[in-house]
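Asker: Just need the whole structure built from these sequences, with the hints factored in.
Chains as they are written, first to last, in numbering that gives the first Met the number 0: chain A, 0 to 528; chain B, 0 to 428.
It is worth saying that the hints were derived from the structure and are not from the lab.
Since we're looking at a predicted model, the values are computed, not measured.
Quick reminder that beta carbons are idealized off the backbone N, C-alpha and C, glycines included.
One or more of the hints may lead you astray.
Restricting the straight-line Cα-Cα distance to at most 30 Å, the calculated cross-link-like pairs of lysine-lysine (DSSO-like) are [unchecked claim]: (1) B:Lys-246 - B:Lys-286; (2) A:Lys-293 - B:Lys-66; (3) B:Lys-52 - A:Lys-85; (4) B:Lys-351 - A:Lys-73.
Just some of the chain B residues that point at chain A, by a computed CB distance under 8 Å [stated by the list, open to error]: (5) Tyr-45; (6) Met-48; (7) Gly-49; (8) Met-51; (9) His-55; (10) Leu-56; (11) Asp-326; (12) Glu-328; (13) Gln-330; (14) Ser-365; (15) Arg-377; (16) Gln-380; (17) Phe-405; (18) Phe-409.
What the simulated footprint calls covered on chain A by chain B, stretch by stretch (three residues with Cβ under 8 Å from a Cβ of chain B suffice, anywhere in the stretch; the number is not a length) [said to hold, decoys possible]: (19) 73 to 87; (20) 169 to 182; (21) 260 to 272.
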Amino acid sequence: MSRIEHNMALTGEAPRSLNLQQKLASLLGMAGLVILLLASLNLSFPNKVLWLSISLLSIIAGIVWFAAASYTGKHPGIKNDGVWFKSMTNRGYLAWLAGIGLTSFYIILYFFPEYLGLRQEGENTGLVALFDPLSNFLSGNPASQWFVYGTLYTIAITAFGVKFMWKYRHNRYEKLRTISVMFFQTAFAFLIPELMARLNGEGFQLPYYDLKNIWPLNYYNFEQYRVDEFISAGNIGLALLLFGVASIFIITPILTYKYGKRWYCSWVCGCGGLAETAGDPYRHLSDKSLFAWKVERWVVHSVLVFVVVMTTAVIYSYLGDDPSKYWLTRNSFLIGVGVFLTLLFAGIWYFKREELEKDARYGAIGYLAIILSLIGFHYLSGSDLFLFNAENLRQSYGFLIGAIFSGVIGTGFYPIFGNRVWCRFGCPMAAILGLQQRLFSKFRITTNGGQCISCGNCSTYCEMGIDVRAYAQKGENIVRASCVGCGICSAVCPRGVLKLENGPSQGRVKSQESVTSDNANLLDYLRKN
Amino acid sequence: MKHIVIIGNGISGITAARHIRKRAGHKITVISGESDYFFSRTALMYVYMGHMKWDHLKPYEDWFWEKNNINLVNAWVNEIDFKQKKLNFSLGQSGMFYDELVIATGSVYNKFGWEGQDLKGVQGLVSKQDLIELEKNTAYTKKAVIVGGGLIGVELAEMLRTRNIEVTFLVREQAFWNNVLPLPEARMITEHIRSHGVDLRINTQLDKILPDEHGRVKAIITKDGEKIDCELVGLCAGVRPNIDFLKDSELETDYGVLVNEFFETNVPNVYAIGDCAQQRKAIGLRKPVEAVWYTGRIMGETLAETLTGNRTAYQPGNWFNSAKFFDIEYQTYGWVWANPRPGEQHFYWQHKTELKAITISYDTESMKFLGINTFGIRMRQEVFDLWLNEERKIDYVLENLRHANFDPEFYDTHEAEIFNTFKSNLQEA
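Answerer: Given below as structure tokens:
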């Protein structure tokens, strides 16, 4: 094979190397991380406030300085020079180091928090202890591993968000979207829940609630302890609980209908926020093959079915049987779930059957049949609902999906698989929003007649692995369940072909040809006009 | 079942192949010595700049061709025996017979007989092989000279600048691409190219290229006698049809392979499409040879209809095109000439601070809208196509310009300002 297919070892030194300022900035940021590492190794810092401040500020300053060194003095515009030459962004040595480092961090975070210094009894030590002063300041409580994680997560989104805005400073859509995710992360995911914890006291206990974290992404929202706390916290708690239900059944469908799933996935969501900021340098690593798309559809919808089954079982497990005690009993709940899913299925089948691919039809029928027969089996045999104990289901889901998929694989492997692995293959929220976006939404990416030159920038930089070019070169609108509306395809297009739009539903999906049988009818198009 | 052989796996040849396959079950063979699979030539620059890898240039996955029963053959055709309907290959592969032959061999870059044009380190950029050569040639290059101020020249300049190579860009006209763009636009682009560290010399032409002792380029001399040291010379003074292997055959050629509106050559069952085809009679105001991506596609589609029983004439519709000059996107719809033709007039608007501009060409008497160039503002092809067909007047176009805007959401809009500028221009006149 020729060199252009492999590497460009002889040339390309210029874009590959870091300039002096970028090196110094990396050093500063790394120094901040080293302080955290030393704390994890149980080095006890005398003045925790000072050292934590030094550490976090060095990290932030390092990232922002790096961005400044990368983009100042350059023209506003696309900044992808050398992306595929750099070790860090082309699955090279540095990328593997970063990937292994991140996955190790997630494994410790989820499964061995004691190594970070978390103590059930007595005072925290190590890294968690270093964050105690900040946690005390915000919520009045000592830190946990989740507080450490939340702080670092928020810093990552805001500092890398600044970098992203610098990179795309010619593009107002990208800037506004990034300000939005930075705001929702800082306020809703980080500050508000911590401050809400201050309200807790005698006889009043609200669960930790990130209001924008909607079920089923927030798969534990309707677990017994949380629902108990919501209900026991009076009107405020009840309002929060109702908000949680309304989020998924009312707010989400309306916003997705008007704007597509992007309102959530690339403007609000924390997972999306991290992917779009810290994960942006890896967006081109997503797999664009047709095979990956097939895998994606089966896996993500299976996770959705899993979370529906799990949540149903969990809620069922703590409901009572006596309608005189509480209106919602096990029976009425189960029947309600069955009726709701059947109606949903029937509605889609009646109105949108023509838009479903063959495997989507099989999948929909199959999934519904499985859920309904499990419910029926339960009534007939009296065995556990869904054959498994609800607690086992909950724990398996939390382990497999909540920890391994979304954290260890989803984020830890950014530098190898790309930044949206979780969102694309695993997130049940994305699956729901995707169904809505595909079938009932005004959102689409419009293509511009015959201007496409099939260059492939759009497909390469699509973090969701959508082969955007396949649509653009046909002059066909892009209406895909997985599109998170990040707008980068439109930004990198050198010929002004792609535009994210909310428009009339009529004619939104211009053609139903599958991707493989490219139906480029430029000729028809010209005749029509 | 006919055997249709297509020479060339570029956009026109491949489009023809795909559309023939959609319409009929003929045996289809596509021959290319350049690459195993169809790729997007327009994106070669992005591979060099590290935006994409080679595989990203391929619009179809490799399994696509077998699945659609399109045979791909890697070979160079060096001779065609039109009597026997047989192709001969250059590397000793046995020949191939055809029933229908489509010549879609594209372009090669121009060499105008400069002294030293065949030295090592002197090259253009059209093919995959050119890109490989460029990788080799720029391995130790510090300084380069680009000859010819057109679209490939500015792309090459952008490519070389990403490797921190010093670029001197020789442009014959008084501003970059001023043979196509009106002067104010050409000047704006010229300034922008210079702001990227390119030493763009206007009114400057190449005289000869000087070798070093190893037969590599060492310097060039301009027609003004100035010597410029360099290790690479980019020949970007346009392209010409790649038909040298057809010279002295019975196929009638001029600049390209001569065809009628059905792409039929003078030899029965032999057709030519894409960059290498030359229309005997120009269509509308278009040039007889058009090296443009989308016309290649339309030619491929049109010929596929003819070859599957529905003889169809080439109708490319209203002219449009686009390009990108470093950070400035350019689109054009309808005809805007560098200098207005008799009875035509230009209205020009440029943003005060940003790199945005438009030129609208219109008929001085009837005020009919003739065409628009836009820089830094995206427009909808569909809308302009409609307006051109409806023969709208310029005031209608300006009043409704927002309906044609295709910029991303939340971008600044300038339609009101453009409209007011036009009105005040009219009052002054």
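Asker: Each of the hints needs a verdict: does it hold here or not?
Answerer: Consistency of the hints with the structure:
1. Of the supplied pair hints, the one linking B:Lys-246 and B:Lys-286 holds, its CA atoms being roughly 22 Å apart against a limit of 30 Å.
2. Taking the CA atoms of A:Lys-293 and B:Lys-66, the gap is about 18 Å. The hint holds against a cut of 30 Å.
3. Pair hint B:Lys-52 plus A:Lys-85 holds up; C-alpha atoms about 12 Å apart against a cutoff of 30 Å.
4. Restraint check for B:Lys-351 and A:Lys-73: the C-alpha separation of about 20 Å stays at or below 30 Å, so the hint holds.
5. At a threshold of 8 Å, the smallest CB-CB gap from B:Tyr-45 to chain A is about 7 Å, leaving the interface hint in force.
6. Taking 8 Å as the C-beta cut-off, the interface hint given for B:Met-48 holds, the closest approach to chain A being about 5 Å.
7. Checking B:Gly-49 against chain A by beta carbon gives a least distance of about 4 Å; that is within 8 Å, so the hint holds.
8. Because the closest C-beta pair between B:Met-51 and chain A is about 5 Å apart, less than 8 Å, the hint holds.
9. At its closest, the beta carbon of B:His-55 sits 5 Å from a beta carbon of chain A; the interface hint therefore holds under the 8 Å criterion.
10. Because the smallest distance between the Cβ of B:Leu-56 and any Cβ of chain A comes to about 6 Å, under 8 Å, the interface hint for this residue holds.
11. At a threshold of 8 Å, the smallest CB-CB gap from B:Asp-326 to chain A is about 4 Å, leaving the interface hint in force.
12. Satisfaction of the interface hint for B:Glu-328 is found here, the shortest Cβ-Cβ separation to chain A being roughly 5 Å, below the 8 Å cut-off.
13. With 8 Å as the threshold, the beta carbon of B:Gln-330 comes within range of chain A, its nearest partner Cβ sitting at about 6 Å, so the hint holds.
14. Contact between B:Ser-365 and chain A, as hinted, is not supported at the beta carbon level, the nearest pair being about 22 Å apart and thus beyond 8 Å.
15. The interface hint given for B:Arg-377 holds, since its Cβ lies 4 Å from the closest Cβ of chain A, which is under the 8 Å cut-off.
16. Satisfaction of the interface hint for B:Gln-380 is found here, the shortest Cβ-Cβ separation to chain A being roughly 3 Å, below the 8 Å cut-off.
17. For B:Phe-405, the suggested interface contact is upheld, since its CB lies about 5 Å from the closest CB of chain A, less than 8 Å.
18. Residue-level restraint check for B:Phe-409 holds (minimum Cβ-Cβ distance to chain A is 4 Å; threshold 8 Å).
19. Under the rule that three or more residues need a Cβ within less than 8 Å of chain B, the assignment of the stretch 73 to 87 of chain A holds, with 11 such residues.
20. Under a criterion of three residues with beta carbons nearer than 8 Å to beta carbons of chain B, the stated coverage of the stretch 169 to 182 of chain A is upheld, 5 such residues being counted.
21. Coverage of the stretch 260 to 272 of chain A by chain B is violated in this model, with 0 residues showing a Cβ closer than 8 Å to a Cβ of that chain against a need of three.
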